[in-house]
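Q: Here the protein sequences line up with chains E and U, keeping their order.
Taking the working numbering, the leading residue of the first sequence gets 1, the next gets one more, and so forth.
Taking the working numbering, the leading residue of the second sequence gets 112, the next gets one more, and so forth.
Be aware that one or more of the hints could be misleading.
Keeping only pairs whose Cα atoms sit at most 20 Å apart, straight-line, the calculated PhoX-like set for lysine-lysine is [unchecked claim]:
#, chain 1, residue 1, chain 2, residue 2
1, U, K148, U, K222
2, E, K94, U, K148
3, U, K153, U, K169
4, E, K94, U, K153
5, U, K179, U, K133
6, U, K148, U, K169
The set of hints was computed from the structure by calculation and includes no laboratory data.
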Amino acid sequence: SQTIHQWPATLVQPVGSPLSLECTVEGTSNPNLYWYRQAAGRGLQLLFYSVGIGQISSEVPQNLSASRPQDRQFILSSKKLLLSDSGFYLCAWKLAGETQYFGPGTRLLVL
Amino acid sequence: GENVEQHPSTLSVQEGDSAVIKCTYSDSASNYFPWYKQELGKRPQLIIDIRSNVGEKKDQRIAVTLNKTAKHFSLHITETQPEDSAVYFCAAYQYNNNDMRFGAGTRLTVKP
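Next up, chain E with everything else stripped away, as it sits in the complex (with noise of 0.2 Å):
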């Protein structure tokens, strides 16, 4: 079966600081990949999504930058940290033409 996991669960970083955030799945080939952002209390921004190696696409232009460096790896970036992307970050694989499935999510605090 599927599993996705995301590392850390949970981190504090100071302003200014980079981020690397990484998600992988198991148990599948050639899934889309993507990054959302939850604010507390609110709804799913869809950040970045991937079909493939290399191919990023980004819903949002921001400080975050998103990579996918093998098949089923995909990381998110950024080079300094700002107060306001603090929320928590979740990843989520589907195979073309199914469903769209959440991993666990890192919940970020930026002080």
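With chain E held as given, fit chain U onto it using these hints.
A: Frame of chain E; chain U shown alone:
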């Protein structure tokens, strides 16, 4: 692109009552409509979905209805229980599309 609107944003019901959450979508080409439940601090979990060739689907106390003509779909929860308290998200996308659009969410509270 697709735009999904969800109402109400908050909903409070007494245990045992029914709850209904409604969503509308803008892209008539959308053909898959999942519903997710997100408990506090956890990831959204798929609870039920419906495809465009079906008007209604039921799974125990949960049902979803779809009106393609009007471009709206609804989640119905009967005999609500305190453990149904959560945030519910609807979504819409074309089955082979890369992009799924979510509603803003409904916070459901079931009072014992």
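Q: None of the hints should be skipped; say for each whether it holds.
A: Hints versus structure:
no. : hint              : result
1   : K148(U) / K222(U) : holds, 18 Å
2   : K94(E) / K148(U)  : holds, 18 Å
3   : K153(U) / K169(U) : violated, 25 Å
4   : K94(E) / K153(U)  : holds, 19 Å
5   : K179(U) / K133(U) : holds, 13 Å
6   : K148(U) / K169(U) : holds, 16 Å
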